[in-house]
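Undergrad: Taken in order, these protein sequences are the chains called A and B. As numbered in our numbering, residues 3 to 536 make up the first sequence, in order. As numbered in our numbering, residues 7 to 296 make up the second sequence, in order.
Simulated from the structure, these hints should not be mistaken for lab results. Check the hints yourself; a few may be wrong.
To give a feel for the contact side, a few chain B residues facing chain A, derived at Cβ under 10 Å [said to hold, decoys possible]: (1) R183; (2) F185; (3) R190; (4) E202.
All C-beta atoms, glycine included, are put in the ideal place defined by N, C-alpha and C.
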Amino acid sequence: MEKLTLDIGGTPILHEIDLSVSPGEILGVIGESGSGKSMTALSIMRLLPEGARLGGAIRLMGNDLAACGERQMCGIRGREIGMVFQEPMTALNPVKTIGDQVAETVLVHTRTGRREAMEIARRTLERVGLPADRFPLSRYPHELSGGQRQRVVIAMAIALRPKLLIADEPTTALDVTTQAQILKLLQGLVREDGMGMILITHDLAVVAGLADRIAIMRQGEIVESGPTLDVFETMRHPYTRSLFAASVHQPLRHRPPEPERQMDPILDVRDAVRIYPPRGRTLWHRPPAVRAVDGVSLAIRPGENVGLVGESGCGKSTLSRAILALEELQGGEIRLFGKTAGPHMPNALRAGIQVVFQDPFGSFNPRWTVARLVAEPFHLMQRKPVDAAARVIEALEEVGLKAEDAHKYIHEFSGGQRQRIAIARALITRPELIVLDEAVSALDVSIRAQILDLLADLSDRLGISYLFISHDLSVVRSITDRVMVMKAGKIVETGPTDDVFNNPQHPYTRELIAATPMLSTALSARRERSSDND
Amino acid sequence: MSMPAPHPTKARSLRRAVLGSRSLMLGSLITGVFVAMALISFVWTPHSYASLDIPNKLKGFSSDHWLGTDMFGRDVMSMIMVGARTSLAVALIAVGVGVLAGVPLGLFAAARRGSLADEIVMRANDLVFAFPALLIAILITAVFGPGAVNAIIAIGIFNIPVFARLSRGAALSIWQREFILAARVSGKGKARISVEHILPNILNTLIVQTTIQFSLGILAEAALAYVGLGAQPPTPSWGKMLADSQTLIALAPHVAIVPGLAIVLTVLGLNLMGDGLRDVFDPRLQRGRR
Chain A
3 MEKLTLDIGG TPILHEIDLS VSPGEILGVI GESGSGKSMT ALSIMRLLPE GARLGGAIRL
63 MGNDLAACGE RQMCGIRGRE IGMVFQEPMT ALNPVKTIGD QVAETVLVHT RTGRREAMEI
123 ARRTLERVGL PADRFPLSRY PHELSGGQRQ RVVIAMAIAL RPKLLIADEP TTALDVTTQA
183 QILKLLQGLV REDGMGMILI THDLAVVAGL ADRIAIMRQG EIVESGPTLD VFETMRHPYT
243 RSLFAASVHQ PLRHRPPEPE RQMDPILDVR DAVRIYPPRG RTLWHRPPAV RAVDGVSLAI
303 RPGENVGLVG ESGCGKSTLS RAILALEELQ GGEIRLFGKT AGPHMPNALR AGIQVVFQDP
363 FGSFNPRWTV ARLVAEPFHL MQRKPVDAAA RVIEALEEVG LKAEDAHKYI HEFSGGQRQR
423 IAIARALITR PELIVLDEAV SALDVSIRAQ ILDLLADLSD RLGISYLFIS HDLSVVRSIT
483 DRVMVMKAGK IVETGPTDDV FNNPQHPYTR ELIAATPMLS TALSARRERS SDND
Chain B
7 MSMPAPHPTK ARSLRRAVLG SRSLMLGSLI TGVFVAMALI SFVWTPHSYA SLDIPNKLKG
67 FSSDHWLGTD MFGRDVMSMI MVGARTSLAV ALIAVGVGVL AGVPLGLFAA ARRGSLADEI
127 VMRANDLVFA FPALLIAILI TAVFGPGAVN AIIAIGIFNI PVFARLSRGA ALSIWQREFI
187 LAARVSGKGK ARISVEHILP NILNTLIVQT TIQFSLGILA EAALAYVGLG AQPPTPSWGK
247 MLADSQTLIA LAPHVAIVPG LAIVLTVLGL NLMGDGLRDV FDPRLQRGRR
């Protein structure tokens, strides 16, 4: 493969983008949502939405793709250029076997017979780490985990050994340990096949560890590009600097004096057990019940921020729902402010604990005004306070919004603003404990940094405790005093945040920390490598 | 504390949305004409709808009889006006019965998803659904005798499972959303959440279905009248008019075409209105409309 240049001018989405990838090279394209990075990928594939107009030239080994007709493009997609999408859950057809789906790429583009295509599919699946004995071609997507599905998607993309592989946020939907495996796989495939890869991501740490060169995009423009190490070391453009600063951001915390051990915990969970009834039960067959939370004990003292870390399916969300008294426990006890908590606890007790959810788009009733949304927890009080409207405005201003915003609808706000509204809603009853369930996971890094600052500030000023649930270790590290690591319904390690991160005791904690892409470690490893070469 | 001035664009944007939606305007216009005709018929009709004038039977359009006369010399215009009354009233009340009984049932079933109550409600709905509307109507009229009231009951019963199923299905997907969890954290019970959160969010689906059921109700009333199970003479009804005139279609086509057209136009108007209303009621769609 020669050089791929991409110029798109004229459209207001992308301005004069110049990119090039050489064989065997990984180009990282970084940008926040709306920066046009996905549109760039779709332009290369010519899979643009209706009405899009493309200018400039896209050259793949000398052929101008921008000038190709749809029929020619169909021959190029999948054969010359492969693509890996973000969401492995929806990128596969659920009613076709994985073998068929990988073979489909082969059958569409070459004159091979079905048996031969299946043979190629078999070999490709071996290459992406799905051996025949455990993953026969006849498997269906729903029988695989997220990481395994992403391997199938990758197999589809590389089945014909394309010259260029475009990976659009390939690991964003995956757990850290899975992410590490997939990134390693992609890197290996690029080296073996000598194909070029464009890795599109919002995560600087991922790119720093993997890409040879990077391009940073913002509002449809490339603000800076060059070899990875150069870009990170010089950071000529202010946006690069701000992106970098946001990624390693540590919210300023005036840590309250070490909470006294004698102080009664506001939340005290003892041996909590949550069992889900078995699914797929028939008259003759009874599958075992799922112990989603299996004997968990924890305590949060006033003013303390506690992190709960674990991968998806470890039971952390189930635990949070039990703490929020949304679900009944099958064993153990949860005490809030010294009183037993449960789904039937009085509203006055409930008012002391509030929650912020992950999805800034799903956690609001789209038909309510912000004022009504924020005021909803007033329902917990005996009667609505007389100054309810004033308190709504106070809460909005507390989180950095304006009083006028109270009369708008939720769709008028961006993701970061919505998360501020969610925090305002959680603050309105002046609770002592807020459960943050992946509250910043869906946000761009710069917005995430702002929200973390806000949370740290609120906790300092109002003395609120947080139970901070996340899969993102770097976020948890920045805002918590104590951290607990959860695996398969059990807490495997707990301790002061710095101790756990610097000196992890449990093997699982070590594995998690090793798998988490860290910008600083990735960069220093890179520096070492380049100095070795000199 | 001074309340900020009410959001200035809200009322205006709503008005703009209403005026801007062509289907809503057209639909309301057509429906409005028929509603107006039905209302005016209470105080005035060009002629008495029941007065027979055999010598002037099957006349064409004229200044005296705007839409001509039927085989008994009755004024078609007057009959259409009074018939609109029957059709709209029957359809409206029948759909009302369906909504008022079906939606709460559906919301209840969704709130107690998977429970015994859910099963009982939904299986009972299936049972009603298993009988065609016309069969229920014939059953009821066989027992209680034909008439407008019994037609209303028959069509209304048929509407209940439609709305129950629709609201249950729509509500189930809303129950999965995080803002429901947020409401539960705010200590709200299932009934309250159903009314405050679920209902507003399934409203546009319900509005569209209501207009569809409304037009189906008009058709059902016409069908019942056509087979002689609806409103009884001398009360005119569009379906009855169609039935009476079908043998004369070659001789005086307008006598059949006019009531047929009235049915078609009302159904069309209601459907257009439903589409338009759905767009207007959805705040998410308001911003895009200029």
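Undergrad: Let me make sure I understand: some of the numbered hints might not hold for this structure. Which ones are they, in numerical order?
TA: none
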